Amino acid sequence: MKPAQFDYVRPQSAAEAVRALAESDDCKVLAGGQSLVPLMNFRLAQPPLLVDINRLTELAGITEVDGALRIGAMTRTRRLETSALVTERIPVLAAAAHWVGHVQIRNRGTVGGSIAHGDPSAELPAMCVLLDAEMILVSSGGTRAVSAGDFFEGFLTTVVEPDELLTEVHIPIPAAGAVWGFSEYAQRAGDFALAGVGCVVDRHAGTAGLVAFGPSERPMRCPSAEEILRVDGLSLDRVSDVADAATADVVAATEAVDAEAVHRVATVRAMARKAVEQAVRMTGEQR
Amino acid sequence: MSSETAVSVRCTVNGEVVQRIVEARMLLSDFLRHELGLTGTHVGCEHGVCGACTVIVDGSSIRACLMFAAQVDDAEIETIESLAKDGALSPLQQAFHDQHGLQCGFCTPGILMSMTACLREPAPDREKLLETLGGHICRCTGYVGIKRAVDQVLDGADSVDRSTVEGAS
Amino acid sequence: MSPKDQIETGWVGRATPRKEDDRLLKGGGRYVDDIEPARTLHAAFVRSMAANARITAIDVEAASRASGVRLVLTGTDIGDLNAPLPLLGGHPSLIAAKTQLPLAVDRVHYVGEAVVMVIADDRYLAEDAAALVRIDYDSLEAVVDLEQAATSATRVHDDVADNVAGVVRDRVGDPDAVFELAEHVERLHLSLERTGGMPMETRGVLADWDPREQVLHVWDSTQAPVAIKHGLCRLLKLSSEQVEVVAPDVGGGFGAKIMLFYPEEVLVPHAAMRLGRPVKWIEDRWEHFVSANQERGQTHEAEIAFDDDGKILAVRTTFVHDTGAYIPYGIAVPANTITHMLGQYRVEHYSAVATILYTNKPPVSPYRGAGRPHAVFVMERLICAVAQRLGLEPHEVRWRNLIPADAFPYDVGLTIDAPVRYDSGNYQEGMRKALIHLDPDGFRAEQASKRAEGKYLGMGMGCYIESSGPGPYEGCAARLTDAGTVVFDVATASQGQGHSTSFAQIAADAMGADIADVVVRGGDSGRVEFGIGTFGSRSLLLAGNAVATAAKALRDQLAAYVSELLECNPDDLVFADSRVSVAGTPSVSVSLAGIAALANAYGYPVVKPHDDDPQQFAALQVRAGAISAPPVFHADGYFGVGQQVFGSGVHAAIVEVDPAIGSVEVLKYVLVHDCGVVVNPVIVEGQVLGGLIQGLGGALLERLPFDEQGQPQATSFMDFRMMTVESVPEIVLDHVETRSPLNPLGVKGTGEAGVIPVSAVIAEAVEDALSPFDITITHMPLMPHEITQLIARSRVAVT
Ligand SMILES: Cc1cc2nc3c(=O)[nH]c(=O)nc-3n(C[C@H](O)[C@H](O)[C@H](O)COP(=O)(O)OP(=O)(O)OC[C@H]3O[C@@H](n4cnc5c(N)ncnc54)[C@H](O)[C@@H]3O)c2cc1C
Ligand code: FES
Ligand code: FES
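Chains as they are written, first to last, in the working numbering: chain A, 260 to 546; chain B, 280 to 448; chain C, 15 to 813.
The hints are simulated quantities; they were obtained by calculation from the structure and are not laboratory data.
Since the model is a prediction, treat every value here as computed from it, not as a measurement.
Glycine is no exception: its CB is placed at the ideal position from the N, C-alpha and C atoms.
Worth double-checking, as some hints may not be accurate.
Unchecked claim - For each label pair, taking beta carbons as the anchor points, the in silico distance ranges come out as:
no., chain 1, residue 1, chain 2, residue 2, range
1, B, Gly316, C, Pro433, 51 to 59 Å
2, B, Leu433, C, Val178, 53 to 61 Å
3, C, Val178, A, Val516, 33 to 41 Å
4, A, Leu415, C, Arg809, 32 to 40 Å
5, A, Ala464, C, Ala459, 47 to 55 Å
6, C, Gly103, A, Leu303, 54 to 62 Å
7, C, Tyr652, B, Ala367, 39 to 47 Å
8, A, Gly543, C, Thr332, 57 to 65 Å
9, A, Ala304, B, Ile300, 22 to 30 Å
10, B, Ala285, A, Asp503, 34 to 42 Å
11, A, Arg540, C, Glu740, 18 to 26 Å
12, C, Arg809, B, Gly338, 50 to 58 Å
13, B, Gly316, A, Asp325, 27 to 35 Å
Turn these sequences into a full structure, and let the hints steer you where they fit.
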């Protein structure tokens with residue numbers, strides 16, 4: 260399990276990185292390496308050129324701008340999890356980050372890496388979808404912003420072109436009074452989720468978001484569950500209905516071919532219950 | 280800026296500066312073990328899960344099997360060989376010895392490095408240490424002695440409750 | 015009791031901290047990959063990507079020309095050496111025994127089978143070159159599941175028409191007649207999936223041929239270095255003096271590292287001799303998943319006959335055992351299943367028939383438990399079925415059928431290899447203790463109240479016996495060094511079991527030595543000529559008693575010498591605290607270091623200053639000059655038992671199941687076990703609890719599935735999940751101690767105890783938790799999706 264040979268560059272700026280990406284047809288960005296290097300060690304990925312962006316401190320950091328958090332692609336997951344700013348402004352995001360692997364993985368893995376990798380069982384892509392994040396992609400041809408809803412295309416596939424660098428994620432900050440919930444189930448702590456659900460409900464504005472991840476090939480919003488939350492608001496009486504609706508949304512969007520897939524879908528129901536219950540409890544705390 | 284397959288690396292390992300030219304693809308775990316002869320860092324899976332290869336890079340515990348040696352240029356690395364000072368076990372190592380926290384010893388160095396990093400954080404507690412430990416697989420001990428070692432290192436040797444082991448006094 | 019037998023030190027039974035820790039904690043372990051002689055070359059293997067195929071062409075041209083490549087070997091390149099590897103333990107019930115070739119030539123039988131060996135300057139280059147080897151396959155249908163293996167026309171081996179490697183059977187009484195007449199009969203179709211030992215250190219071999227000495231040095235991460243040495247002598251046609259095999263520190267074994275022989279264990283030494291350079295191969299984790307031996311796969315049709323009182327009248331099982339593509343260990347695993355089935359229960363009529371089938375999967379050899387977990391799973395599932403039918407608690411049914419304490423030695427009546435005869439035990443006592451810790455009545459109340467809250471708690475239990483100490487023997491060489499320390503060399507290797515400590519405790523007691531003066535070394539074939547290895551929970555029993563035997567012989571030699579020195583009767587000597595003194599006159603004494611200095615009149619400067627009184631010592635020196643004795647003291651000890659000894663135990667658990675997602679949380683786990691005399695309680699605890707957690711992983715997480723083409727579906731730790739600290743339950747461990755009358759130390763093996771009943775316990779507990787859904791658990795491991803599927807089929811709604 261040793262990686263195949265590759266050329267290695269270590270740009271000192273994002274501009275340099277983008278230039279390096281433009282020069283080669285078949286290169287890969289190396290961020291935290293927590294997904295890419297295992298693939299290389301198994302020789303399932305054999306990129307001829309690696310563009311190591313770990314020196315790009317300009318891409319690491321979290322700032323609040325115009326009602327959104329701007330999170331640099333090279334921000335380590337651990338930083339996201341422990342950041343006071345994130346915990347205060349978008350607590351569901353910090354909570355979800357805590358579920359990514361174990362601390363040794365979060366110390367190294369990055370926000371941009373997780374999002375660009377696009378694992379359907381991963382927490383951070385799901386949060387992007389939940390929170391209507393916008394990804395900033397830079398290439399030698401220019402910069403484009405892609406909304407999370409369009410960004411994830413399928414199993415481990417995103418819209419990122421080989422010559423594009425994901426530089427930043429913009430995540431709108433939910434209203435101060437919004438409540439949230441997050442829950443996932445993996446057979447063993449720290450593993451990718453079999454299924455998970457996150458939700459954010461702003462009762463004052465009458466908006467609600469609920470994302471399910473794990474069973475489908477990309478994280479998905481559950482419109483009928485959101486509808487109930489939006490119209491009827493949060494109440495313990497409706498938790499089951501929301502969970503059923505979320506499950507129905509997932510069933511409609513996925514093809515559960517075997518017992519394991521069926522189980523994943525069923526797990527969405529249980530996780531939706533937990534997440535929504537958590538949000539309901541939070542409304543109690545706010546009163 | 281040009282790309283290359285061989286890269287020059289200069290880093291500090293256990294307080295000593297080392298400099299080498301390495302192939303870009305050389306894993307940090309292989310660099311430590313085979314270039315520097317620091318064989319205390321073990322390799323159990325080479326895909327980031329088992330934790331045997333965990334070392335401390337710039338203060339954080341990370342998997343040496345998921346980094347390239349080329350990436351530690353300018354970095355400061357600590358490995359298991361640095362824990363004992365003048366031959367004396369660190370309190371954490373001592374706790375593992377006292378509480379039978381190891382059997383074959385293969386997983387042990389990685390676990391000790393993760394926990395060393397965790398203990399340096401502000402207010403390390405049992406929960407944090409156990410969560411950190413969750414990032415390691417030990418196939419021998421069933422973690423029971425390791426959990427007692429965690430208690431010992433937090434609270435001191437006298438406080439460790441061994442009552443789960445009835446009849447084994 | 016003569017003074018000679020009065021041993022005051024008493025190291026046995028103490029929780030002595032381990033002698034081996036210091037080094038390991040400092041990163042000073044020495045595992046195979048840590049050893050790298052100058053000019054070492056590195057091997058990689060090209061392994062079959064097809065499960066069942068004919069090889070039509072192997073093209074190594076490009077690989078041979080690749081950068082840094084020194085040698086590329088196919089099966090035809092190694093001549094006679096490419097013959098089927100040894101079969102361990104032939105048996106009349108084997109019909110068609112097949113073992114692997116070092117390198118497959120024209121036929122492959124499982125994904126992962128070695129086909130080509132590539133040796134290059136480093137492992138990276140070796141893998142680069144291996145990737146250039148082209149193998150053309152003519153793929154055949156793969157034989158994957160057991161039913162298919164039994165019925166399909168597809169063959170794993172061209173000359174084994176029905177895929178049957180052997181049929182093992184045994185019987186006591188006349189079960190068929192009893193079943194005809196029985197009041198009640200329950201039948202279950204039960205199965206266990208494959209898993210494996212999965213040590214954290216993978217396999218690895220380093221070999222170095224020294225052309226000047228004409229000696230082959232081998233470092234092998236094996237559980238049986240001495241046996242490997244003797245095998246290598248035969249396979250490579252070398253004499254005993256020409257081969258040295260060392261198992262340095264070994265990072266876990268659990269059965270996966272005792273194969274005798276894996277192909278790599280022959281090929282690496284062969285390549286080293288051929289190239290005249292050290293050659294190393296370190297298995298990577300992917301290779302471990304596809305080419306290290308696995309175990310557990312069995313499917314049983316089991317039946318139990320019983321009366322109204324729950325007394326078991328007869329048990330019958332007909333089962334198929336998956337041996338994978340080869341059968342290197344003969345009937346060992348299914349035979350264990352047969353002989354352990356009845357366990358702690360008195361059953362007078364029993365029959366078992368095991369059909370051993372070839373499948374296109376990695377070969378099977380014993381993994382910790384080795385056929386026993388299967389037996390306990392089957393028997394305890396049957397007991398549960400009895401309890402259900404009669405409306406009794408399962409533990410009540412167990413209690414009514416336990417073999418009474420006064421029945422030992424107890425002849426089970428089975429005779430597959432040798433008569434199965436339990437040497438000693440007290441099963442009631444174990445059950446009594448387990449029930450106290452479990453508190454079933456209290457639990458039933460809690461279960462009811464929790465269920466009212468919508469929580470599903472369940473309780474399960476399982477009893478087992480553990481045969482230990484498969485023969486024939488182990489050896490030990492003991493000697494007193496110049497410095498007065500006593501060194502014991504044993505043939506068994508430790509993979510974390512702490513032999514250097516527990517054996518030292520035994521030796522210290524036998525010698526009256528301080529434990530600091532005792533050194534135990536294992537795993538080096540150069541130090542002790544004969545011995546076998548660490549497996550079957552045999553090391554403490556056989557090697558431990560061999561140490562005691564050698565120690566006693568050494569002490570007798572010392573006593574003879576010192577009695578002349580001190581002019582007394584040898585029987586009046588007391589050995590304690592590393593000194594020998596005259597009973598009743600403690601002032602007349604000499605230290606072990608002093609004895610060493612006196613006997614070796616050449617008078618080397620004594621390495622360690624002895625603490626003998628200078629004047630007395632000078633007088634002794636004069637006497638010593640007059641005694642003709644050999645200058646050194648050394649003794650060999652061998653120990654074997656004519657039959658196995660039987661440990662036992664009871665496990666019980668309380669679990670919580672979330673029926674919505676099929677998750678199982680183990681809330682409490684009780685173990686009561688009897689391994690005879692406990693030499694070191696901490697080490698025993700480590701063995702038992704380590705086994706337990708492995709067993710819990712085996713029950714709830716781990717499995718090695720294959721798809722229809724025989725492609726392994728778990729080839730990384732992402733797919734094969736082992737327990738982490740987060741799921742360790744509250745544990746209560748308790749002991750019963752019945753000495754084994756069959757060995758001087760009174761010990762029984764304990765290496766496998768922790769793992770044996772766990773699947774049975776968890777199955778019962780989960781079934782109990784889900785009793786409102788009226789499901790029966792018949793398959794292990796129990797995955798969340800299987801639990802939710804069972805519930806869905808029961809058509810009782812989850813509330
Ligand atoms: C043991 C283990 C457990 C894990 N558990 C979880 C888990 O529970 N949940 C979870 O979500 N993840 C988990 N992960 C994955 C981890 O979170 C990864 O860190 C993450 O998915 C990828 O981030 P990275 O920075 O390591 O990216 P890398 O591995 O460096 O890259 C991943 C991919 O993204 C591309 N890429 C990276 N950054 C950019 C960029 N800025 N622009 C364009 N392309 C880019 C790379 O080219 C590559 O294709 C686990 C990993 C391990 C080893
Ligand atoms: S070897 Fe790095 S995590 Fe297993
Ligand atoms: S002590 Fe052997 S793996 Fe942990």
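Each hint tested on the structure:
1. B:Gly316 / C:Pro433: 51 to 59 Å: Given a distance of about 54 Å, which is inside 51 to 59 Å, the answer is holds.
2. B:Leu433 / C:Val178: 53 to 61 Å: For Val178 of chain C against Leu433 of chain B, whose Cβ atoms are near 58 Å apart, the range 53 to 61 Å holds.
3. C:Val178 / A:Val516: 33 to 41 Å: For Val178 of chain C and Val516 of chain A the Cβ distance comes to about 34 Å; the hint holds.
4. A:Leu415 / C:Arg809: 32 to 40 Å: At roughly 38 Å between Cβ atoms, Arg809 of chain C and Leu415 of chain A fall inside 32 to 40 Å, so the hint holds.
5. A:Ala464 / C:Ala459: 47 to 55 Å: holds, 49 Å
6. C:Gly103 / A:Leu303: 54 to 62 Å: violated, 40 Å
7. C:Tyr652 / B:Ala367: 39 to 47 Å: holds, 41 Å
8. A:Gly543 / C:Thr332: 57 to 65 Å: holds, 60 Å
9. A:Ala304 / B:Ile300: 22 to 30 Å: Given about 25 Å between the Cβ atoms, the range holds.
10. B:Ala285 / A:Asp503: 34 to 42 Å: With a Cβ separation near 59 Å, Ala285 of chain B and Asp503 of chain A fall outside 34 to 42 Å, so the hint is violated.
11. A:Arg540 / C:Glu740: 18 to 26 Å: Holds, at about 24 Å.
12. C:Arg809 / B:Gly338: 50 to 58 Å: Given a distance of about 56 Å, which is inside 50 to 58 Å, the answer is holds.
13. B:Gly316 / A:Asp325: 27 to 35 Å: For Gly316 of chain B and Asp325 of chain A the Cβ distance comes to about 54 Å; the hint is violated.
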